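A.B. asks: Next come the chains, spelled out residue by residue.
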Amino acid sequence: MSKHVPIGLIETPFHPRLEPLSRAKKWMNWAGYISAGVMDTLEFEYFAIRNQTTLFDISPMHKYRIKGKDALLVVNRLVTRDIGKIRDGRVSYVLWCDEDGNLIDDGTLFRYSAQDFRLCCQESMLTWLIDTAWGFEVTIKDESHNVAALSLQGPTSYSLLSDAGISVGDMKPFDWCEVEPGLWISRTGFTGDLGYELWTSNDQALALWDRLWGAGHHWGLRAIGFEALNICRIEAGFMAAGFDFQPVHHAVRLGRGRSPIALGASKMIDFKKGHFNGRRALLTEAQTGPSHHLRKIDIGGFKPADGALIYYKKKHEVGHVTSGVWSPTTKRNIALAEFKAPYGDTIKNDLWAEIYINKEGQWDKRLVRVEIENKPFFQNARSRATPPKPF
Amino acid sequence: MQAKENMMPPKTYDAIVIGAGHNGLAAAATLARKGHAVLVLEAQSSIGGMAKNVELMKGVFAPEIAHLLYNINPTVARELGLGTIFAPLDLISLATVSLSPSGDHVLIKDGTPQDMAGKSHPEAAKYTEIYQRLTKFAGLLGQMSTKTPPSLAGGIKDITDLAQAAGLTKIGLNLKLMGKKDMREFLRVLLSNIYDHLLDDLTDSPLSGALAADAVRGAYAGPRAPGTVFTLMYRLGNGAMVTLPKGGMGAVADAFGKAASNSGVTIRTDAKVAKVMVTDDRATGVQLGSGEVIMAKAVLSNLGPKSTMMLAGVEHYDVEATRRLRHHRAKGTTAKVNLVLSEVPEFTGLKGDLTHARLIIAPSATYVERAFNPVKYGELPQDPVIEAVIPTLSDASITTDGKHILSAILSFVPYNLKGGWSDAARQELREIAIKTLETYAPNIRALILEAQVLSPADIETLTGAPGGHWHHGEMGIDQVLTNRPANQLAHYRFGPAGYYLCGATAHPGGDVMGAAGRNAAMQVIKDGVLK
Ligand SMILES: Cc1cc2nc3c(=O)[nH]c(=O)nc-3n(C[C@H](O)[C@H](O)[C@H](O)COP(=O)(O)OP(=O)(O)OC[C@H]3O[C@@H](n4cnc5c(N)ncnc54)[C@H](O)[C@@H]3O)c2cc1C
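For the protein sequence lines, the chains are U and E, in the order given. Residues 1 to 391, numbered by my numbering, are exactly what the first sequence covers, in order. Residues 1001 to 1531, numbered by my numbering, are exactly what the second sequence covers, in order.
These aren't lab readings, by the way, just hints derived from the structure by calculation. Mixed in with the good hints there might be a few duds.
Listed below are the simulated DSSO-like cross-link pairs for lysine-lysine, each with C-alpha atoms no more than 27 Å apart in a straight line [claimed, not checked]: (1) U/K348 to U/K315; (2) E/K1403 to U/K273; (3) U/K348 to U/K313; (4) U/K314 to U/K365; (5) E/K1403 to U/K272; (6) U/K273 to E/K1275; (7) E/K1275 to E/K1531; (8) U/K340 to U/K314; (9) U/K272 to E/K1275; (10) U/K365 to U/K313; (11) E/K1331 to E/K1275; (12) E/K1331 to E/K1272; (13) U/K69 to E/K1275; (14) E/K1246 to E/K1126; (15) E/K1180 to E/K1126.
The calculated label-pair distances, taken between Cβ atoms and stated as ranges, are [what the hints assert, rightly or not]: (16) E/K1272 to U/S266: 48 to 56 Å; (17) U/R256 to E/D1478: 18 to 26 Å; (18) U/R256 to E/G1264: 45 to 53 Å; (19) U/T139 to E/G1528: 48 to 56 Å; (20) U/A251 to E/G1313: 39 to 47 Å; (21) U/A251 to E/K1109: 52 to 60 Å; (22) U/M28 to E/T1461: 44 to 52 Å; (23) U/A251 to E/A1274: 39 to 47 Å; (24) E/Q1427 to U/R256: 53 to 61 Å; (25) U/K85 to E/D1478: 39 to 47 Å.
Note that this is a predicted model, so its numbers are computed, not measured. All C-beta atoms in this analysis are idealised placements derived from N, C-alpha and C, irrespective of residue type, glycine included.
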């Protein structure tokens, strides 16, 4: 039989291991791949991230290689930070904008050298990168379908790697290196906790899985899905594309794009490094102030408030929750929320979330107090400890 | 005009203008008149760009590229004193004759057509009605030409900021004053095609052919393409008078040049700019091909938008801007054939001094559409549309020994000729031009002493105009007004602070008009970058 372009969702290189492990059979579509929503039980998976260690298949992530003489110029033209300040063997969390300063996507940029980078992100970015590179000496390669990746997250992740014979003791957060031929590890993740991401070629994927799985029992290793991870990222205060901001290339309606300033990421903008996409618009916005503010909030009660409208003085609608969960670790009802300026910025009091509660078929509406938070809800020193301990 | 360098040129200028096309000179003069120190740098050894003379034989001067003046902007002329003793410019007004192979030519004078016997043309009433309506509508567009086009930057959320949309408000206001019926008609025809517009009322003849040809001269569009009523109105925007400058197009270059140097502008020729320097997102000066660096607070470019971007460096432009500029439509379609003739050719059926007129070869609107077809395939039109003039009949000052010049613009000659532009291809084009002219003036071939053929590609090489395009960029509805030269770049400001577009590629567009240059200078002043 001839090989056809696959119809429907495709399997990641780890699927042969995930499929038999999945009890929930709760699969999602992530960038065209079959991806786990829940593998077994959401609660088990969540607590495994916070107390043990977990494996999440991040192969569906888009990955692009930017290589050539002008690679540093091109990535600096793309993103808002100064990548000239990032050393080789480091990873940088990056944001990039359209000409109006609205966020196209965020992601992680891996620096091999000034001539060689890998960008990982949620959105398909090939044509944008090609156009960004026009006039420069670089090649852009889409590695999305060639690189398999696993996210190993949790307090015992370091210990597990040691048991698997992989030594990463001197890796600091955002370091990255080739630990063995063909296996790259970065100390990165989306949980705000200790964790690593492992990158290898597709044909090495299953061997890597088996090696980790073999060393994992002692450290409480679990395979997890997106839903548990999503709770953790909200606890860590990380925004997510499609939830807390609308990637502007997908937003059909005018005015749906948001700038890094509106998203609370002004510190990620380096106006001094020279021109980058959207710089002029952002400079103007830095002076006039953004139209919205994305903030971390604490909501009274324990009913998750995802999507809830937020009112000022219980009367004026001034925003809404973009991601809301009950945080099992902090035992708080937490969320990210978008406010129309100046609410959430200079006006922070007398804010209320509207919550609907269904009591066996009877709906009840409540206004619960909203408090603005400045720090991540979940923070733990172990996430930065080098070398990490068997926490 | 040959401008001299100052003895002690200041090291830095308030503004540098790249290119001494008439627009660059208009920009320079406008800034200098407000007291700013301005330097114009021109790559060629003489000023004027597309509007100048070329000496084809000793003492015989032809208009090298542009040959007639019909769209000079009155505000520009007034502000720069064009036509005064300080910047003399004498204009000889010309009638138009639309030639017919049968000899039944049509004379169009002051918007009224007549036949060769001096009798009113059978379609005179209808023609006049159409012509007057278009001229009236064109006047509305003409008002827009001295204003910065309204901005839609940041999307519709900003349109409430009407300060910037003032130009549009004004035209909106005048539209209302026009009366409901006219207004409806204006909006109806604005984007429509000239072919249908004309043939709704007129027969397909040299009369409608001439207007169809005027609508698309310089465009990459046949008369059946949408937007060609707009391009005709653009042409008629400043009164629609066709004139011949005394002393040739060189006199126009000189007039603009004098307006500039009288106001204190320094003009340097043979000074090709290789690079625009940018520091902290601000244009700070230029570097010449020779390596010489000259500093200024603002830099204005008379070039096309992509070259202007490349001079500063693509790294200073947002990706969206580079996308738009890479895809900027500028495929020139006009070629120039200049002939030196031993005597005046005889045009069959052309009486009296009508040979002085602007001569149009476009015997029907359908002929014009057919002539357009080959350009799509990179081929030469075998039966081209021609606009010709024999300036030496009206102005003896540009010739000697009774020699004459026939200046011809051939429409729909491809920039990207299949097989490329070689001497053989130029020869073929010359032959096509002569053969076509022979249909109307059978004795012309024997009179030719010298011929100059400039393809769109040659015009690009000479002037740097993208694609050798008449307007430095197609006047399509996607590239005019708020979108000229491209979306978000329509305010003369061009990327880094202090960097501006000032040529035909900017609003309102090309023709020897001067408005783009003057508007750009006004924007520089308004932005306060020279303080
Ligand atoms: C075949 C043809 C016939 C036309 N006939 C007419 C006509 O009859 N009537 C009419 O009104 N319009 C006519 N036009 C259109 C008209 O000529 C142009 O729209 C107008 O002249 C453009 O003026 P400009 O000043 O914007 O640019 P240009 O006249 O093109 O000037 C640009 C200048 O910049 C200079 N330059 C380029 N690169 C550099 C550099 N790196 N450094 C320094 N200098 C540089 C060039 O040498 C040139 O002098 C015609 C156009 C064509 C192609």
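A.B. asks: All hints, please: hold or fail.
C.D. replies: Here is what the structure says about each hint:
Note on U/K348 and U/K315: the hinted pairing holds, with a Cα-Cα distance of about 15 Å set against a maximum of 27 Å. Of the supplied pair hints, the one linking E/K1403 and U/K273 is violated, its CA atoms being roughly 63 Å apart against a limit of 27 Å. For the proposed pair U/K348 and U/K313, the alpha carbon gap of about 11 Å is at most 27 Å, so the pair holds. With a CA separation close to 13 Å, the supplied pair U/K314 and U/K365 stays within the 27 Å bound.
Annotation: proposed proximity of E/K1403 to U/K272 is violated, straight-line Cα distance about 64 Å (limit 27 Å). With a C-alpha separation of about 21 Å, the suggested pairing of U/K273 with E/K1275 holds against the 27 Å cut-off. Restraint check: the Cα-Cα separation between E/K1275 and E/K1531 comes to about 24 Å, which is no more than 27 Å; the hinted pair holds. Of the pairs offered as hints, the one joining U/K340 and U/K314 holds, with about 15 Å between alpha carbons and a cut-off of 27 Å not exceeded.
Simply put, U/K272 and E/K1275 have alpha-carbon atoms about 22 Å apart, close enough for the 27 Å limit, and the pair holds. Straight-line distance between C-alpha atoms of U/K365 and U/K313 comes to about 16 Å, which keeps the hinted pair within the 27 Å bound. Our distance criterion of 27 Å between C-alpha atoms is met by E/K1331 and E/K1275, whose separation comes to about 25 Å. Proximity of E/K1331 to E/K1272 is assessed by CA-CA distance (about 24 Å); at most 27 Å being required, the pair is judged to hold.
A C-alpha spacing of about 21 Å is found between U/K69 and E/K1275, which places the hinted pair at or below 27 Å, so the restraint holds. Between E/K1246 and E/K1126 the CA atoms are separated by roughly 34 Å; this puts the pair beyond 27 Å, and the hint is violated. Of the supplied pair hints, the one linking E/K1180 and E/K1126 holds, its CA atoms being roughly 21 Å apart against a limit of 27 Å. The hinted window of 48 to 56 Å between E/K1272 and U/S266 is violated, with their beta carbons roughly 43 Å apart.
Our hint of 18 to 26 Å for U/R256 and E/D1478 holds, since their Cβ atoms are close to 24 Å apart. Restraint check, U/R256 to E/G1264: a C-beta distance of roughly 51 Å satisfies the suggested window 45 to 53 Å. Remark: the range hint 48 to 56 Å for U/T139 to E/G1528 is contradicted by a beta-carbon distance near 43 Å. Judged by the Cβ atoms, the range 39 to 47 Å given for U/A251 and E/G1313 is violated: they are separated by roughly 30 Å.
Take U/A251 and E/K1109: their Cβ atoms lie about 57 Å apart, and the range 52 to 60 Å holds. For the pair U/M28 and E/T1461, the supplied restraint of 44 to 52 Å is violated, since their beta-carbon distance comes to about 58 Å. Distance hint check for U/A251 and E/A1274: the Cβ-Cβ separation is about 41 Å, which falls inside the suggested range of 39 to 47 Å. Here the CB-CB span from E/Q1427 to U/R256 is close to 59 Å, well matched to the stated 53 to 61 Å.
As the Cβ distance of U/K85 to E/D1478 is approximately 41 Å, the hint placing it in 39 to 47 Å holds.
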